[in-house]
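Student: Read off the chains here:
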Amino acid sequence: MSTAPLLQTVDLTKSFPIRRGFFGQKLLRLVAVDRVNLSVYPGETLGLVGESGCGKSTLGLTIMRLYESTSGTVLFQGQDLGTVEGDKLRKARREMQMIFQDPFASLDPRMRVHEILREPMDIHGIGTPAEREAEARRLLDVVGLPSDAAQRFPNEFSGGQQQRIGIARALALRPKLLICDEPVSALDVSVQAQILNLLRDLQEQFNLTYIFIAHNIAVTGFMSRRIGVMYLGRLVEIGPSKAIVTEPLHPYTQALIAAVPKPDPKLEKVKRTLTGDVPSPIARPSGCPFHPRCPRAQEVCATEEPAIREIKPGHLAACHFA
Amino acid sequence: MKAHTPELLQVCDLQTQFHLAEGIVYAVNGVSYTVHEGEVLGVVGESGCGKSVTALSIMRLIQGPIGQIVAGQVLLHDQGRTTDLLTLSLQEMEGVRGNKISMIFQDPMTSLNPVLTIGYQLAEPLKRHRGMSDTQATQEAIDLLDRVGIPEPEVRVKNYPHQFSGGMRQRAMVAMAMACRPRLLIADEPTTALDVTIQAQILDLIRELRTQIGTAVIMITHDLGVVAEMADQVAVMYAGLIVENGSVLQIFDTPRHPYTQSLMSSIPRLGNWPRRLRTIEGAPPDLHSPITGCPFAERCEHHVPRCDTTFPALGRLSEDHLCACWRALEGELA
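Residue numbers (my numbering), protein chains in the order written: chain A, 1 to 322; chain B, 323 to 656.
By construction, these hints were calculated from the structure, which means they are not laboratory data.
Note that the Cβ used here is the ideal one computed from N, Cα and C, for glycine as well.
Keep in mind that the hints are not guaranteed to be accurate.
[As the list claims (entries may be wrong)] Interface residues of chain A toward chain B, partial, derived using beta-carbon atoms under 8 Å:
#, residue
1, 142
2, 185
3, 190
4, 218
5, 245
6, 255
7, 264
Build the full structure now, drawing on both the sequences and the hints.
Tutor: Here it is, written out as structure tokens:
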């Protein structure tokens, strides 16, 4: 791709210290995100999928610098976010916003909707108070809420409407990048479809770039041009959405796709063989993190961690045998 | 069409309400469905449609005086006898729960007692319903854990729930539910809290046990994928009512109720991604007042004036395909 990426992570790692044992004398490290390299291009949606604890949400939060990274860098429009402080960081953050899974928990229950929408502009000192108020009302219209919503409190809205408020707030600063962390997983399917359509419309309208984090691959694929698959903090595969679901290269992705229940009763019910649970991120397996559960594992997998490499154009996987 | 096995459980015109300080919530408004022996009935619908309340009503687990089953029958056909579960005394009902009918829930952690070992909790129904001694019950508990695929069952039987992973807890719940070889298992969103690879393991397990023991299953879920994989029959619920009921093929291939049709086209499917998804505008009706007319009318694109005033009862489209829609029943919607 010839255009410069909007966002790039280079060997991004986030680990948390964990105290265990008598009086917390034993210090362990939980590696949530492990040397992740990603590029996100302007106007595209990059989907991130994986099971609980795979590090996809931590990756989003570390990119936003809501967590300080342990090592590695985040480049936003070529600028290293890890080194900027104060005003410069605030300015960079204006251009990246986040939408969360639980719409109600992410809205202050004691603020009226117009105050919620105005707050980011108040903090960043954008326009006059009257202009901010007008902008808040315009945002309601943009996300498809009635104008009388402005004076109401978050608890007066349904889950889908609350998520619309969260989206409007994220748009208030006219960001370039939106990180959507499981934005529809708390919603019913009919409402989920409304929010997904809205996110796509907004992307076109405002030329937004999305990182779309979700555990549901069908939903992520609908939203994204490319999908990255994570397992135990590692990016194990990344490629075009269609290729990820139809010709997955990594055995973990293959197992994940096979495990998704398909809404078609005529498909043959195959018994899926992936056994056991995801290992604890505190005691990660040696070599390839997936090898203890992998049907294709060989000796080398236990000793040598496979690097992620391009196997087909634009389609990368981290497996010795892909 | 596959011939049905004999009827096992019939829910007839069930109505359940919650009497709260601010008024009555009409949660279940006349639900009827039938589960045949050894069959899986999938019950689908969105939050608040009454699918779980119906199940809790069958089990008589509706907490009074706020929750009340105000009408209907729940007929269990067992060993040539028919019993209306709603007329049983609490003591008689205890002989049914966990024995003839057992239930598993969405969150295995909140359904297990955190201060008792897994083994103790597994042994309890065995001692109670099957009259086993302590040693027999403990041995059986180990066998059960082994059968649901828990490694090292002799060690694990002494563990507490927090020592199990989420998938293992749900396996233990399945083991517990199957301990007395019930005629019917009610599974209320059994895999919603689990990751997809673990979900696949639990669904495989339920399918396996069903074949081995011949237990019928009511599978309550909002996930159409789970229904398609597991169910023989499907009941679609909306606003405390069944709007469509038929075989899994009828419901997925030729859905006739406008709600079912919209539901089917509003889910993104793997690899087949349109530019936009079909949506259902608006929201389900407020159940604080009784339903008049068709509950889906105000969101329905095929709606005619009659839909606002008269509720269409569940009628037959064909031998075993039922639908509650005036226009579908008159053959106008295909």
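Student: Quick check: which numbered hints come out false for this structure?
Tutor: 1 and 2
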